[in-house]
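Asks: Residue numbers (numbering that gives the first Met the number 0): 0 to 97.
By construction, these hints were calculated from the structure, which means they are not laboratory data.
Take the hints with a grain of salt, since some may be wrong.
As the list claims (entries may be wrong) - Here are the simulated DMTMM-like pairs of lysine to aspartate or glutamate, each with C-alpha atoms no more than 20 Å apart in a straight line:
#1 K34 x E51
#2 K6 x E45
#3 K34 x D9
#4 K6 x D18
#5 K34 x E45
#6 K34 x D18
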Amino acid sequence: MVIVHTKTTDHAAAWRVRDALAAHPLLAGAMALIKVSATAQGIVLEGWVSHERAVPLAMHLACRVAGQRSVCPHLHTQAANKKLAQRLFDDNTTHALS
0 MVIVHTKTTD HAAAWRVRDA LAAHPLLAGA MALIKVSATA QGIVLEGWVS
50 HERAVPLAMH LACRVAGQRS VCPHLHTQAA NKKLAQRLFD DNTTHALS
């Protein structure tokens, strides 16, 4: 689940980043809990993801829609869904290579 932090000052940028992250199946639902906070200077991603390879994915998607703003991830991994996340990453890698 990706949500916009209640104390964000730039709501438009936060919602753009939130929409980009929530559209990806590996970051939506129970695979992650990310709070997006945006200011005029930068965007902060806080929370947890189910696999360490989801952090660069979230950074890549956020940077694409952030424009000139810097993106600062404060994400840690949650071990509970690690096997499921590994299987999903392996399936996506197989489909991307074929």
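Asks: Now tell me if each hint is right for this structure.
Replies: So, going through the hints one by one against the coordinates:
no., hint, result
1, K34 x E51, "17 Å, holds"
2, K6 x E45, "13 Å, holds"
3, K34 x D9, "14 Å, holds"
4, K6 x D18, "18 Å, holds"
5, K34 x E45, "5 Å, holds"
6, K34 x D18, "12 Å, holds"
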